[in-house]
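Number of protein chains: 2
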Amino acid sequence: MQNGSGPAGSPHFAWANFALTILHSEEDRLRVTYELAAEAEEDAAAKARDIALEQTVELPEGSFPAVIEERIVGRVESLTQIEEQSWRAVISFDPVTVGDDLLQLLNVLFGNISLKSGIRLAEVGWPPALLSNFEGPGLGVAGLRRNCGVSERRPLLCAALKPMGLSAAKLAELAYEFARGGVDIIKDDHGLANQATAPFEERVAACQAAVQRANRETGGSCCYFPNATAGWDWIGHRAVFAAEAGCRGVLVSPFLAGLDTLGCLAEACNVAVLAHPSFSGSFFSPGHGIAPQVLLGDILRLAGSDGVIYPNAGGRFPFSETTCAAINRNLLRPLGDLRPSMPSPGGGIDVARVPHWIERYGTEMMLLIGGSFYLQRNLRQAARELQETIRRYCDGT
Amino acid sequence: MQNGSGPAGSPHFAWANFALTILHSEEDRLRVTYELAAEAEEDAAAKARDIALEQTVELPEGSFPAVIEERIVGRVESLTQIEEQSWRAVISFDPVTVGDDLLQLLNVLFGNISLKSGIRLAEVGWPPALLSNFEGPGLGVAGLRRNCGVSERRPLLCAALKPMGLSAAKLAELAYEFARGGVDIIKDDHGLANQATAPFEERVAACQAAVQRANRETGGSCCYFPNATAGWDWIGHRAVFAAEAGCRGVLVSPFLAGLDTLGCLAEACNVAVLAHPSFSGSFFSPGHGIAPQVLLGDILRLAGSDGVIYPNAGGRFPFSETTCAAINRNLLRPLGDLRPSMPSPGGGIDVARVPHWIERYGTEMMLLIGGSFYLQRNLRQAARELQETIRRYCDGT
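In order, the protein sequences belong to chains D and L.
Counting in my numbering, the first sequence runs from 1 upward without gaps.
Counting in my numbering, the second sequence runs from 1 upward without gaps.
Next up, chain D with everything else stripped away, as it sits in the complex:
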């Protein structure tokens, strides 16, 4: 670098003597809608401009050259007032800022501004060229249904193995009962890791064998999805172990293991991946964060989830029915060439209210029943009765 020779008092930008050679059209730009808390319009405009800088060049005004402004800095496309002290800003980004990298996409959408306040990512307009960089679900809803042998006429039924503290053998007994009861997918509780009470490999071998035995006896296609969530150096081994044991899918908590693990595991191990929302909840405050239908809908679908578990309305968590319906919509709607991902409401669904949820959400989902089964005396019978209720309801009989 040479000393500056530009006008005194302004930075010289000798270091930026270059031209960006990759050109993108307007329709290729990533268009992101943020809701901003701000008093007056000028405050909202300043906040929008700050996002445009923070998420790209991360530099103050006046410290970068015009070519960077034109091509790299986000562009505030519009700013409208929603209500008092609340504004909607649409900011567009050149796709060169993202490349083909899921994590960098998240960086651009909400990386550093997560550390600010009063910013909520409400919606993303996905350009087709950017979408085509992501594989999305390897199996999706159709693949999950095929694996379980369940037609579109009814939702899938999923049960959770729990509680932690049980031995692998005991968990396998529960898995056997659920499989005999006609459950379609049995997943590990997301808190079953590699605890001494039921180490991963022992648990997976025992539970998978129990489910296969039940399938032989019933002629069914129940699938067992163990929790493969683990550190970077272990998660691959766990998914491979599960696949080699005959499991056709795994559970992953991507907000712990890394958001890019979903698609990678699916591709590397040829298993379905079911995403669990553990550790994601802080994003969902009303005033600052990411709309649930964007993070658990769009993003987890892009990331390769064949199904996405979310906390259903009316259970132990505060999501509204409207929010849940929006998640479902974003998982299922046409989105580039990405397969749809199976909405999987859970988190305190009462077996008695299952018909309500089918009426509300339709049949393209997987109902995850946890505690409501365990409150009953006989898991096999409880599962069988619920499947019968679902069948009757969906057949209209």
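Everything labelled a hint here was simulated from the structure, so no lab data went into it.
Hints are not guaranteed to be accurate.
Stated by the list, open to error - These stretches of chain D come out as covered by chain L in the derived footprint (C-beta under 8 Å, 3 or more residues):
#1 61-71
#2 106-115
#3 156-167
#4 190-204
#5 226-235
#6 307-317
Claimed, not checked - So these bits of chain L aren't anywhere near chain D, every CB distance computed over 12 Å:
#7 80
#8 90
#9 126
#10 364
Ideal Cβ positions, reconstructed from N, Cα and C, are used throughout, including at glycine.
Fit chain L to the supplied structure of chain D, relying on the hints for placement.
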């Protein structure tokens, strides 16, 4: 499983006919302090009990046997009122719920309850036995200082390469200038991924060569830490590439790449890891989330960060000086056998205020200067002047 034969109306628990064989003492229990929003004491007590269940068995009252209650369910140790509608609950967990797994530790601390509301993880009492399961920083503050040849008498000085959009050659020119100016560590901006404008390998090779050239010319030990953040299948390759190019450290955004990547990369590639807080900010709302000194302090140190970048007070982000001092304290305090991790305040530090921060935080830190350098005409001279200011201030001359 057999049909139940217990008292009518209560679940039978035939499925839980077992004994937990691993015994832990009281002092081994993980003690977690949560701040709860609740009206009356009975509401706060119910919320604390709900956390104890949600984070372990994830089952409703009455659906699991006494042995699980005694050993697995969290135990509410105390509940005290802080102020109106605010309570402090201490809940302890048997370490068997965690095992030796960082991600499962996070699951127990704040996994599912992240999806609820009005719960803030304020403090963790770390039992020595649990701490001994984690390696922590491989180098820590002493190792970073050794690599840069900087004594404890002054803080390290870190500069950031930016903005995205520059070519690898241009970024290398900037790196050369910073290294000639006496900067100790030059890190990639966390938004430099593998964009077409400066692909990772090209950038790392160019910048590392530039820094090595500067070091030969100055006799210095400036280190270049490229951003290795990438998906699960790439991050290892990137860290290895950096290490083989001669880099002695890498930057990682663990809230994107996965919290367990830090220690794994450090161990696998023998590099220092500097953690960036991108995508973590939603945890830091006042009413619901995790205290910054726990997440960016304790957790990132346990996870193996040799240094932790956080958004300093008085810059572009809303952390207070008290919060920043608490992060520093948790990174540096005695904690089992874990090495201290280098506090790295950044996010809008003005070069003019550097003496203030040294006075406030002491010398055991790394000052990260970004935009404030780029506002100046000559990066080399700006860095040199700042190092001179720091040296003079720390020598008391």
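Practice problem: Mind listing which of the numbered hints don't hold for this structure, in increasing order? | Solution: none
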